[in-house]
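Got chain A sorted already, so can you dock chain B onto it with the hints?
There are 2 protein chains.
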Amino acid sequence: MPKKVDHEARRREISEALWRIASTRGLEGASLRDVAAEAGMSLGRLQHYFRTKDEMLLFALRYIESLAQQRIRESIEALGREPTPRDIVRACLVGMLPLDEQSRTGFLVGVAHFHRAVHDPALRTGAQEGIPALRGLFADQLRKAMEQGEVRAERDADDEAMVLICLADGLSTYILLDVHTPEKAVQLLDMHLSQLFDGAGAR
Amino acid sequence: MPKKVDHEARRREISEALWRIASTRGLEGASLRDVAAEAGMSLGRLQHYFRTKDEMLLFALRYIESLAQQRIRESIEALGREPTPRDIVRACLVGMLPLDEQSRTGFLVGVAHFHRAVHDPALRTGAQEGIPALRGLFADQLRKAMEQGEVRAERDADDEAMVLICLADGLSTYILLDVHTPEKAVQLLDMHLSQLFDGAGAR
Numbered sequence: 001m002p003k004k005v006d007h008e009a010r011r012r013e014i015s016e017a018l019w020r021i022a023s024t025r026g027l028e029g030a031s032l033r034d035v036a037a038e039a040g041m042s043l044g045r046l047q048h049y050f051r052t053k054d055e056m057l058l059f060a061l062r063y064i065e066s067l068a069q070q071r072i073r074e075s076i077e078a079l080g081r082e083p084t085p086r087d088i089v090r091a092c093l094v095g096m097l098p099l100d101e102q103s104r105t106g107f108l109v110g111v112a113h114f115h116r117a118v119h120d121p122a123l124r125t126g127a128q129e130g131i132p133a134l135r136g137l138f139a140d141q142l143r144k145a146m147e148q149g150e151v152r153a154e155r156d157a158d159d160e161a162m163v164l165i166c167l168a169d170g171l172s173t174y175i176l177l178d179v180h181t182p183e184k185a186v187q188l189l190d191m192h193l194s195q196l197f198d199g200a201g202a203r
Numbered sequence: 001m002p003k004k005v006d007h008e009a010r011r012r013e014i015s016e017a018l019w020r021i022a023s024t025r026g027l028e029g030a031s032l033r034d035v036a037a038e039a040g041m042s043l044g045r046l047q048h049y050f051r052t053k054d055e056m057l058l059f060a061l062r063y064i065e066s067l068a069q070q071r072i073r074e075s076i077e078a079l080g081r082e083p084t085p086r087d088i089v090r091a092c093l094v095g096m097l098p099l100d101e102q103s104r105t106g107f108l109v110g111v112a113h114f115h116r117a118v119h120d121p122a123l124r125t126g127a128q129e130g131i132p133a134l135r136g137l138f139a140d141q142l143r144k145a146m147e148q149g150e151v152r153a154e155r156d157a158d159d160e161a162m163v164l165i166c167l168a169d170g171l172s173t174y175i176l177l178d179v180h181t182p183e184k185a186v187q188l189l190d191m192h193l194s195q196l197f198d199g200a201g202a203r
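Respectively, the protein sequence lines represent chains A and B. Here UniProt numbering is used: position 15 in the first sequence is 15, and no number is missing along the way. Here UniProt numbering is used: position 156 in the second sequence is 156, and no number is missing along the way.
Please note that the accuracy of each hint is not assured.
What the hints assert, rightly or not - Lysine-lysine pairs mimicking BS3-like chemistry, simulated, CA-CA at most 27 Å apart:
no.: 1; chain 1: A; residue 1: Lys-53; chain 2: B; residue 2: Lys-53
no.: 2; chain 1: A; residue 1: Lys-4; chain 2: A; residue 2: Lys-53
no.: 3; chain 1: B; residue 1: Lys-4; chain 2: B; residue 2: Lys-53
no.: 4; chain 1: A; residue 1: Lys-184; chain 2: B; residue 2: Lys-144
no.: 5; chain 1: B; residue 1: Lys-53; chain 2: B; residue 2: Lys-3
no.: 6; chain 1: B; residue 1: Lys-184; chain 2: A; residue 2: Lys-144
no.: 7; chain 1: A; residue 1: Lys-3; chain 2: A; residue 2: Lys-53
The set of hints was computed from the structure by calculation and includes no laboratory data. Predicted, not measured: the structure shown is a model, and the values here were computed from it.
If we strip away everything but chain A, and leave its shape as in the complex, we get (with noise of 0.2 Å):
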């Protein structure tokens, strides 16, 4: 194997190892060591490939979204059909809720990195390039649907795409405190969905 895929390997093998500490009891407290423990390897060798908790936390995160986005893509394909802004929208932000063990992983993942972010301003970078990121590609979608009459066009598309993130943001915190079950939250997530394409124009 070419020592560049190897280094990859390594640290996706160490990212999978902190997304089971991650989902059992918690990175609350989570050394390096610990992470490297779980990995079977020496805090050494794992410092060969992260040299900090952040750094590592960082890349387990970023790889986990990715693996999100892949699903994400894979459920409008899914769809058999050219999708709809309406549908693209919805696949992201159920793609994004903590439904199976996976999302379940990455919204934890996502919730230590939020804790450590918090008190860190050079770790809110991360945040606040992702996010507006997201809430163009849903803002994108919201116009064209405003264009195709599926929304109405008094609408402002960068809020209602900021609100979609803070609702499927609370949506998934209760859904992790068992206050409603998976199904229940994405029923709210269709009810809001709902309202928001109530335009002339939308089925």
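Chain B alone, transformed into the frame defined by chain A:
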């Protein structure tokens, strides 16, 4: 001072020390010993008031929530008129957002508790009691607003109430990550409330 009052006062002092840690370096990895040091007492003395980190965290959370409720009551009284259902719902939601140091600390203590509750079924009981009570309060106000024609009768009061709670949660997260300003978050909340309170009798 009677013994019981003294006990409660000491628990509040310890809670305030915990808040200071939550709002500065964060509670991740903070031990009972760290909180005792911040409160200027020995670990043994702190354990006279709280036996576990979870017991301390829950008390600190309930205490800061009670201060938030007091501020919400004051903001409703400050309106200087009989509050409408929308006034009450809005005051509660704005009171949940991290708009100043105290509410910011409250949200961070809540996140720390969330982080532990995800991995501990016993701890989740707190959220499972608190959130449905809040949802019930909002749903009651929405039903009143329906009777007054401020909210359309075909809406589902319980579901809309839960969407409000989820939205406030997500809006708060992205204030703390500096994705949007507190002012922007309040504007998004008001946009959502205007869409919800869009009945024939709404002003």
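Quiz item: Looking back at the hints listed earlier, which ones does the structure fail to meet?
Solution: Violated hints: none; all satisfied.
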